[in-house]
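This note's numbering puts the first residue of the sequence shown at 826, with every later residue one more than the last.
In case anyone wonders, no lab produced these hints; they're calculated from the structure. It is possible that some hints are incorrect.
Unchecked claim - Cβ pair distances, simulated, as ranges:
1) VAL896 <-> GLN1008: 40 to 50 Å
2) LYS1059 <-> SER887: 48 to 58 Å
3) ASP878 <-> GLN912: 43 to 53 Å
4) ALA989 <-> SER1022: 18 to 28 Å
Claimed, not checked - Lysine to any residue pairs mimicking SDA-like chemistry, simulated, CA-CA at most 20 Å apart:
5) LYS1085 <-> GLU884
6) LYS1138 <-> GLN993
7) LYS909 <-> GLU884
Quick caveat, the model's predicted, so the values are computed rather than measured. By construction, the Cβ of each residue, glycine as well, lies at the ideal position given by its N, Cα and C atoms.
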Amino acid sequence: MFNLFKRKAPPSVVAGASQAAEVASRDWLGRLRSSLQRTGSSIATVFTGKWLDDDAYTELESALLMADAGVPATQYILEQLKIKIKQTGSKDLVQIKGLLVEVLTELLQPLERELDIAQHHPTVVMVTGVNGAGKTTSIGKLTRHLHDAGASVLLAAGDTFRAAAREQLLVWADRNQVDIISQENGDPAAVSFDAVSAGKARAKDVVLVDTAGRLPTQLHLMDELKKIQRVIQKAEPTAPHEILLVIDGNTGQNALAQVKAFDEALGLSGLIITKLDGTAKGGVLAAIALWARERKHAQAKTLAVYFIGIGEKLEDLQSFKADEFAQALIH
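Take the sequences, apply the hints, and build the full model.
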């Protein structure tokens, strides 16, 4: 399996490399905390008092709702926190804050999974999302990480409605020296079919299929996504192996609505959450995690948050770790 976002060195790695990995991990966690500061500061304020009384619980509830955790997830978090406090007998606010991190980590844990590209050759990844979520940029960054990890990548410029998206993907392909299948004003499904066929013929490890950005209310465009999915299956019956939705972390509860709509249409396998920098809505991951437990599309794979993005740089897109996110959110 390719390890795309390795931040911890294995035991066999020399001490110098291990130390470098630890520094990189601390640096990422620090930037993540900084990015989620607007969300976390309101939650952390609750734990500046002397004890967690009814008023403090109300403040915590308000802080979680303001962070766009949503009513069901907020109620779940508070209930689980009270259970842990009763079980441990904790009265110290520092300890209780640690228990809250535990509750959030346990809620988010099922979303944590590495993108596995070793099971299929090629692994066909279909990527979608609404306009402005950072879809094409995320594909470009993912391409770079895959390339750096030693995987051979083929891009499919299936967003044929927006010339800028095609041009942007061509730039990423050139920059990363990877192949790309592109047709000016071509049919997105045809481009996708050609790309998967070419990926098989050229023995590529991964085929990344970009699709046009759309709102879930644009039913004709959602139907086109289903068509792309069907046509990909004609080129490779087991594909697409991953269907990823890129969502803007700034949109809060609207992000959950997008996940539900796209999952209803396609059956999502994973998410890439972008633009968490400067947002006060990081709690939406808790809402997504709670919903994902009982999602309508029950699949062999549970829904994953594969990557989160906190900025424009390449290193600002990293794999999602539940404990890191919980610690950064409640610091």
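Quick rundown of the hints versus the structure:
1. Range check, VAL896 to GLN1008: about 46 Å between beta-carbon atoms, so the 40 to 50 Å window is met.
2. For LYS1059 paired with SER887, a C-beta distance near 51 Å keeps the hint of 48 to 58 Å intact.
3. The hinted window of 43 to 53 Å between ASP878 and GLN912 is violated, with their beta carbons roughly 19 Å apart.
4. Checking the proposed 18 to 28 Å range against ALA989 and SER1022 shows it holds: the Cβ atoms sit about 26 Å from each other.
5. For a cut-off of 20 Å, the pair hint linking LYS1085 to GLU884 is broken: about 29 Å separates their Cα positions.
6. This hinted pair checks out: LYS1138 and GLN993 have alpha carbons roughly 15 Å apart, not beyond 20 Å.
7. Under the criterion of a C-alpha separation no larger than 20 Å, the hint pairing LYS909 with GLU884 is consistent with the structure, at around 19 Å.
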